[in-house]
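Turn these sequences into a full structure, and let the hints guide you.
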Amino acid sequence: MDAPLLQVEGLTTHLFTDAGTVRAVEGVSLTIGRGEAVALVGESGCGKSMTALSLMRLVRPPGRILGGRVEFEGRNLLDLREEEMRRLRGGDIAMIFQDPMTFLNPLMRVGDQIAEAVRLHQGLDSRAAWRAALAALELVRIPAPDSVIEYYPHQLSGGMRQRVLIAMAISSRPSLLIADEPTTALDVTVQAQIMELLGDIRRELGSAMLLITHDLGLVAEYCDRIYVMYAGQIVEEADVGPLFASPQHPYTRALLKSTLGPDARVDAFESISGQPPDLARPPAGCRFHPRCPEALARCAHDEPPVIRPAAGRQARCWLLAQDAA
Amino acid sequence: MSLRPSLLLYVARRLLQAVPLVFVIILINFFLIHAAPGDPVDFLVGTMEATPEYLEGLRREFGLDQPLPVQLWRYVSKIAVLDMGYSLRFRQPVFELIMSRLPATLLLMGTALVVSSIVGILLGVAAARRPHTATDHAATFVALAGYSMPVFWLGQLLLIAFSLHLNWFPTQGMYDLRAPSDGWGRIVDVAHHLVLPALTYSVYHLALVYRLMRVKMQETLALDYVTTARAKGVPERRVVYVHALRNAVLPIVTVIGLNFGFMLAGSVLTETVFAWPGMGRLLYEGIQGRDYPVLMGLFTCLSVMVILVNIITDVVYAVIDPRVVYR
Ligand SMILES: Nc1ncnc2c1ncn2[C@@H]1O[C@H](COP(=O)(O)OP(=O)(O)O)[C@@H](O)[C@H]1O
Ligand SMILES: [Mg+2]
Chain C
52 MDAPLLQVEG LTTHLFTDAG TVRAVEGVSL TIGRGEAVAL VGESGCGKSM TALSLMRLVR
112 PPGRILGGRV EFEGRNLLDL REEEMRRLRG GDIAMIFQDP MTFLNPLMRV GDQIAEAVRL
172 HQGLDSRAAW RAALAALELV RIPAPDSVIE YYPHQLSGGM RQRVLIAMAI SSRPSLLIAD
232 EPTTALDVTV QAQIMELLGD IRRELGSAML LITHDLGLVA EYCDRIYVMY AGQIVEEADV
292 GPLFASPQHP YTRALLKSTL GPDARVDAFE SISGQPPDLA RPPAGCRFHP RCPEALARCA
352 HDEPPVIRPA AGRQARCWLL AQDAA
Chain G
8 MSLRPSLLLY VARRLLQAVP LVFVIILINF FLIHAAPGDP VDFLVGTMEA TPEYLEGLRR
68 EFGLDQPLPV QLWRYVSKIA VLDMGYSLRF RQPVFELIMS RLPATLLLMG TALVVSSIVG
128 ILLGVAAARR PHTATDHAAT FVALAGYSMP VFWLGQLLLI AFSLHLNWFP TQGMYDLRAP
188 SDGWGRIVDV AHHLVLPALT YSVYHLALVY RLMRVKMQET LALDYVTTAR AKGVPERRVV
248 YVHALRNAVL PIVTVIGLNF GFMLAGSVLT ETVFAWPGMG RLLYEGIQGR DYPVLMGLFT
308 CLSVMVILVN IITDVVYAVI DPRVVYR
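Quick mapping for you: the protein sequence lines, in order, are chains C and G.
Basically our numbering = 1-based index in the first sequence + 51.
Basically our numbering = 1-based index in the second sequence + 7.
Honestly, the hints are just simulated from the structure, not real lab data.
Treat the numbers as computed from the prediction; the structure is a model and nothing was measured.
Rough simulated footprint, nothing fancy, chain G against chain C, three-plus residues with beta-carbon under 8 Å:
id: 1; region: 147-155
id: 2; region: 166-173
Interface residues of chain G toward chain C, partial, derived using beta-carbon atoms under 7 Å:
id: 3; residue: Tyr232
id: 4; residue: Thr235
id: 5; residue: His250
Think of the CB as a built atom: it goes at the ideal place given N, C-alpha and C, for glycine as much as any other residue.
Here it is, written out as structure tokens:
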């Protein structure tokens, strides 16, 4: 087997706020192979965006990356000089964000924003960069790209803006695309179009994708492997098929039940009883235990171990340790 | 950023819309004269002994024996051809007098406004990039001091320190009579005279711009599209000075425009302290001499200037921000 494209070990990012230290990313490990589509799911506020920003080394104060390794094509990104890291951003690793309404600069033409990315990474002059921007807009199937390229963001719909953001991200043919809830802000029909588009582009460029999402339906349809995140930690990892067939962690089970059961909701996370934990004061022991229907006595004070019930699978739960014992 | 063709139309429409406003100002002006106790002739004559016949003659000459609407009509139609009356004190038509003082004021205000805006913006950006450091706190303290210092007091302090004690700058006026009256010599001479009054003028404005810029820049640097710029590999300097600055500076443009009016009002103090031969000093002289035509003319001209600057501000804003819809 080839070395994976991205291998993250024990990544830890905290936010040092006035209200206390928010443990947003707590020892996260994950692996993405070349061309693979991997999902990162978890309820709102569990640290998904912080994980993505940490991978890109874009965490801003009061946040800080405290430790871990982010190995990308054999180099630990956390050791790179800022200038080397900058050249990777938008080049080999590109990112697509959640809300296309706020992630485009309102005062710059669409074409200038894409061309800027192209110029930075491919050293083209401005006319060649403009042509490359046009090509990128064509690739994301924007109708009438030669007029859209002159538009300002406010002249475009949400779906069109998301296409522009995608065009920007793929303009330098990245080998890893990090998409942070790319369709959450869009309506359902547009969502499907954008996901199809991302799939096609990935096939064409051979890029791997880390898809951060709420939507387990999207995961089932578009991803190969899935990481479930809870309160800053990865609680379960599996290939998509096995995960849906036999979830190991009670949190994953609760998620699937609410998504796939008779009273399924669009947002599975809202239907799990109890409050998501405050990451400034996470519960002792297993972070999920206050909400866990199957919690044992020890879950309240002992951190659960990571159990590997099968190849390519892991879960962080005492119940599995009991089974194994 | 591109100049849209509709921009010219917008400017034309704004200018047209300003006409009724100017008319209202002239109207207020007119009624102020008539609300004042006595009439302009009393002010003109002052404490001078005059025969009733002479006063009557003057009133007829000024049309003050006519009914009010007729007087208003005359007043407006005179101003329409830029006739603002005659100043007995200065022995000059008022409009000509005001125009002769305009360049000095524009030079002083323009220098102060441009320099303090640029310096305030740059300092604000620098502080926003390193929030809560010692430099940031020091700059904020100095700005607060500048912000709360009375203009005339600051002017006096600067005069005492830099003119009287250190003798670096002249104490008064705009020119030195012994300096060359044209070419580079003249420019250097005027610039030398300009430093202290411009500094006095700048301090408050600089403090205001700095404080606002620091906050706006901090806010903007946390916005999503700035993250996008960083995520596509834009170098940090370019993120700050290209992506964030243009957005953060928009509210500053409005404030600079608004502040123009306050600075114009403040010109009375600064120009008087430094004997700068501009409109503010003229206003002071007009008040001292009870020179009604001059005061009324100044009132009208200053109002028109404020309206014009308002329009310029909106146009600049529209040029920077493509989202502005012209209405
Ligand atoms: N700038 C910030 N200041 C303080 N806390 C933050 C900040 N950004 C995120 N957080 C906190 O960090 C945690 C993780 O946030 P995030 O990664 O955005 O969650 P997700 O993307 O999974 O919804 C949340 O608890 C959130 O409240
Ligand atoms: Mg998020």
